[in-house]
Amino acid sequence: MREGFDNVDWLERTRAEGDVDAWLALIPYARRIGVSTLPDPQGEGLLFRLDPREGNVGNVLLPALHGGVVAAFMETAATLDLMLATRMPRLPRIVDISIDYLRTARLAPSLARCSLQREGRRMGNVRVCAWQESETTPVATARLHFVLGDPGDAGA
Amino acid sequence: MIHGQTPGDADWRRALTRFVTVIPHTRELGLEVLEVTPEVTTMRLPWNDDLLGDTARGLVHGGVLTMLLDTVCGSAVLPALPAPEVCPTLDLRVDHFRPGVAGLAILAEARVVRVTESVVFTEGTLWQETGRPLARGIGNFVRLGPRNTPPGFAEALFADVAIDEEDDHA
Numbered sequence: 001m002r003e004g005f006d007n008v009d010w011l012e013r014t015r016a017e018g019d020v021d022a023w024l025a026l027i028p029y030a031r032r033i034g035v036s037t038l039p040d041p042q043g044e045g046l047l048f049r050l051d052p053r054e055g056n057v058g059n060v061l062l063p064a065l066h067g068g069v070v071a072a073f074m075e076t077a078a079t080l081d082l083m084l085a086t087r088m089p090r091l092p093r094i095v096d097i098s099i100d101y102l103r104t105a106r107l108a109p110s111l112a113r114c115s116l117q118r119e120g121r122r123m124g125n126v127r128v129c130a131w132q133e134s135e136t137t138p139v140a141t142a143r144l145h146f147v148l149g150d151p152g153d154a155g156a
Numbered sequence: 001m002i003h004g005q006t007p008g009d010a011d012w013r014r015a016l017t018r019f020v021t022v023i024p025h026t027r028e029l030g031l032e033v034l035e036v037t038p039e040v041t042t043m044r045l046p047w048n049d050d051l052l053g054d055t056a057r058g059l060v061h062g063g064v065l066t067m068l069l070d071t072v073c074g075s076a077v078l079p080a081l082p083a084p085e086v087c088p089t090l091d092l093r094v095d096h097f098r099p100g101v102a103g104l105a106i107l108a109e110a111r112v113v114r115v116t117e118s119v120v121f122t123e124g125t126l127w128q129e130t131g132r133p134l135a136r137g138i139g140n141f142v143r144l145g146p147r148n149t150p151p152g153f154a155e156a157l158f159a160d161v162a163i164d165e166e167d168d169h170a
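Residue numbers (the working numbering), protein chains in the order written: chain A, 1 to 156; chain B, 1 to 170.
Some hints here could point you the wrong way.
What the hints assert, rightly or not - Now the in silico label distances, taken between C-beta atoms and shown as ranges:
#	chain 1	residue 1	chain 2	residue 2	range
1	B	P88	A	G149	32 to 40 Å
2	A	E3	B	Q5	54 to 62 Å
3	B	P146	A	E3	49 to 57 Å
4	B	E35	A	L62	22 to 30 Å
5	B	E28	A	A108	14 to 22 Å
6	A	R87	B	G145	47 to 55 Å
7	A	S98	B	G145	36 to 44 Å
8	B	E39	A	S134	36 to 44 Å
9	B	R147	A	R87	51 to 59 Å
10	A	D153	B	G8	51 to 59 Å
If you're looking for bench data, these hints aren't it; they were derived computationally from the structure.
A virtual CB, placed ideally from N, CA and C, is assigned to each residue, including glycine.
All chains, please: the whole structure from these sequences, using the hints.
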């Protein structure tokens, strides 16, 4: 089966299997910055993890992760979480992101949890919280809007 | 600022080139600084297959655009200040007008809208083809002030920057 987000059969199968790794394999920038998933110990969903790579550093003095890399991590998390959480297989396309930087993200593993605030017929709204030491002291929070596309129309 | 002289646009272009070259993430992606004035900073991110967010359809990862806007807006802050200060991003908002496509460099322009005692307000735009913007960003940066800026920050920015000879004798 041809792999690709625009292949409805492949998308439905990988979604049914919860095979997020198959999705990540098709997202080179997420692989470059080191995004992975792990089961959420508090529930049925997933947590997302950003590997503390030297190439993700944005401030060498502290050192701290690049804020834009943290945003890219959170956007990846929101997109994948949304693809799993919707009632039907949908193909999200980002409309906008708003991110607040609350604390310096050190060169250490970062985790993120997403929550789908609204799934409409056309639009989805996702909140993301990213942290390092403790979820109660986030390094960043973000909210994102997505157009929820029909995977069959992806080529359009 | 450098031996009491005000750096010109060419000095700033070299300084910001140094700035984005010291940052591992932008160095490894080969980000280039094209033009710097106190108002506007322009950069170019060369194409690299790692920028993709969807290999099947050949689309740029939205996060690349956020990363680039954070970088170009954060860099544009420096020449707009009386003296370089460390200015972390307070918040960033990105609107995605159309997806970026594989194979083309991404151009980035940022301008400083307002500098206050504590915050620098910026906005930026990205494009691959002229007149067809990919995304708009609005970034606010916190001024940490001279007290919280590490000593030698300005000197490090302008290290190896030759000031025009005329200035040397000024």
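Item to check | Whether the CB-CB distance between D153 (chain A) and G8 (chain B) falls inside 51 to 59 Å | outcome: Given range 51 to 59 Å: holds, Cβ gap about 52 Å.
Checklist entry - CB of P88 (chain B) to CB of G149 (chain A), is that within 32 to 40 Å? => result 35 Å, holds
Checklist entry - When you take the CB atoms of R147 (chain B) and R87 (chain A), is the distance between them in 51 to 59 Å? => result 53 Å, holds
Item to check | Distance restraint hint 14 to 22 Å, applied to the beta-carbon atoms of E28 (chain B) and A108 (chain A) | outcome: Holds - the Cβ-Cβ distance for E28 (chain B) and A108 (chain A), about 20 Å, lies within 14 to 22 Å.
Next on the checklist: Within 36 to 44 Å: is that where the Cβ-Cβ distance between S98 (chain A) and G145 (chain B) falls?
Outcome noted: Given a distance of about 26 Å, which is not inside 36 to 44 Å, the answer is violated.
Next on the checklist: Does the beta carbon distance between R87 (chain A) and G145 (chain B) stay inside 47 to 55 Å, or does it fall outside?
Outcome noted: 50 Å, holds
Item to check | Consistency of beta-carbon spacing, L62 (chain A) to E35 (chain B), with hint 22 to 30 Å | outcome: Holds, at about 29 Å.
Checklist entry - Does the Cβ pair E39 (chain B), S134 (chain A) satisfy 36 to 44 Å? => result Given a distance of about 41 Å, which is inside 36 to 44 Å, the answer is holds.
Item to check | Distance restraint hint 49 to 57 Å, applied to the beta-carbon atoms of P146 (chain B) and E3 (chain A) | outcome: The hint (49 to 57 Å, Cβ to Cβ) holds, given that P146 (chain B) and E3 (chain A) are roughly 53 Å apart.
Item to check | Distance restraint hint 54 to 62 Å, applied to the beta-carbon atoms of E3 (chain A) and Q5 (chain B) | outcome: 58 Å, holds
Figure legend: structure checked against the earlier numbered hints; the only hint not met is number 7.
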